[in-house]
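Protein sequences appear in the order of chains E and W. Taking the numbering used here, the leading residue of the first sequence gets 1, the next gets one more, and so forth. Taking the numbering used here, the leading residue of the second sequence gets 1, the next gets one more, and so forth.
Calculated from the structure, these hints are not laboratory results. All C-beta atoms, glycine included, are put in the ideal place defined by N, C-alpha and C. Wrong hints could be hidden among the right ones.
[Said to hold, decoys possible] From the structure, some residues in chain E lie toward chain W, with a derived Cβ separation under 7 Å:
1. Gly43
2. Phe46
3. Thr49
4. Ser52
5. Ala53
6. Gly54
7. Lys57
8. Tyr97
9. Gly98
10. Phe102
[Said to hold, decoys possible] With beta-carbon atoms standing in for the labels, derived distance ranges:
11. Pro27/W <-> Glu45/E: 15 to 21 Å
12. Glu56/E <-> Ser86/W: 28 to 34 Å
13. Arg63/W <-> Glu45/E: 27 to 33 Å
14. Pro8/W <-> Gly16/E: 37 to 43 Å
15. Gly3/W <-> Lys68/E: 31 to 37 Å
16. Asn77/W <-> Ala77/E: 43 to 49 Å
17. Asn77/W <-> Gly16/E: 25 to 31 Å
18. Arg63/W <-> Gln3/E: 38 to 44 Å
19. Pro61/W <-> Phe46/E: 24 to 30 Å
20. Lys59/E <-> Ser7/W: 38 to 44 Å
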Amino acid sequence: EDQVTQSPEALRLQEGESSSLNCSYTVSGLRGLFWYRQDPGKGPEFLFTLYSAGEEKEKERLKATLTKKESFLHITAPKPEDSATYLCAVPPGGTSYGKLTFGQGTILTVHP
Amino acid sequence: AAGVIQSPRHLIKEKRETATLKCYPIPRHDTVYWYQQGPGQDPQFLISFYEKMQSDKGSIPDRFSAQQFSDYHSELNMSSLELGDSALYFCASSASGRSSYEQYFGPGTRLTVT
Numbered sequence: 001e002d003q004v005t006q007s008p009e010a011l012r013l014q015e016g017e018s019s020s021l022n023c024s025y026t027v028s029g030l031r032g033l034f035w036y037r038q039d040p041g042k043g044p045e046f047l048f049t050l051y052s053a054g055e056e057k058e059k060e061r062l063k064a065t066l067t068k069k070e071s072f073l074h075i076t077a078p079k080p081e082d083s084a085t086y087l088c089a090v091p092p093g094g095t096s097y098g099k100l101t102f103g104q105g106t107i108l109t110v111h112p
Numbered sequence: 001a002a003g004v005i006q007s008p009r010h011l012i013k014e015k016r017e018t019a020t021l022k023c024y025p026i027p028r029h030d031t032v033y034w035y036q037q038g039p040g041q042d043p044q045f046l047i048s049f050y051e052k053m054q055s056d057k058g059s060i061p062d063r064f065s066a067q068q069f070s071d072y073h074s075e076l077n078m079s080s081l082e083l084g085d086s087a088l089y090f091c092a093s094s095a096s097g098r099s100s101y102e103q104y105f106g107p108g109t110r111l112t113v114t
């Protein structure tokens, strides 16, 4: 069974204090890993798709990386508006589509 | 850019009542997914449709049913509502035939059962 584990559960940062969020996965034949941002009471907002180990993608202060066992979401010089829950998710093993299995998420709080 | 539309955004029902949630996917997206998210939990997959046919089924109660129509919109029908059905219900859509299959989520419907 596909498993996705995120750590830490919660992360508090000062504005400008860079850090990383971790997403470990157990999927047979990974064909993609998705990162989402979710604000309270809103739908997950798509951030990145990573397909293969070694791949990196960037968007503003966020950079996502992928290895064969885990993915990292690096946040550089975060701002209070980056506060949200960050979710990673994978499709069924051997496919790049289908129902997503989500991690529990990391609640990021950035203090001014 | 057009996004996934869900209606209603908020719904309050009493126990044993029925509810219908609607989802309008992004234009040219042919696959729709339904997820349920309880407080402090990650989204849990319920059911999906591709080209109007059920493509996958998750932990969806027998009291729930869903379908996708010819215009690709989807409806989730929930009967004999229970207090535990109170949650955020998200619809997501994706386009088949592409390399990414990225799922884009709607704003959700908050269902409260009293």
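### Hints breached by this structure
4, 5, 6, 7, 12, 17, 18, 20
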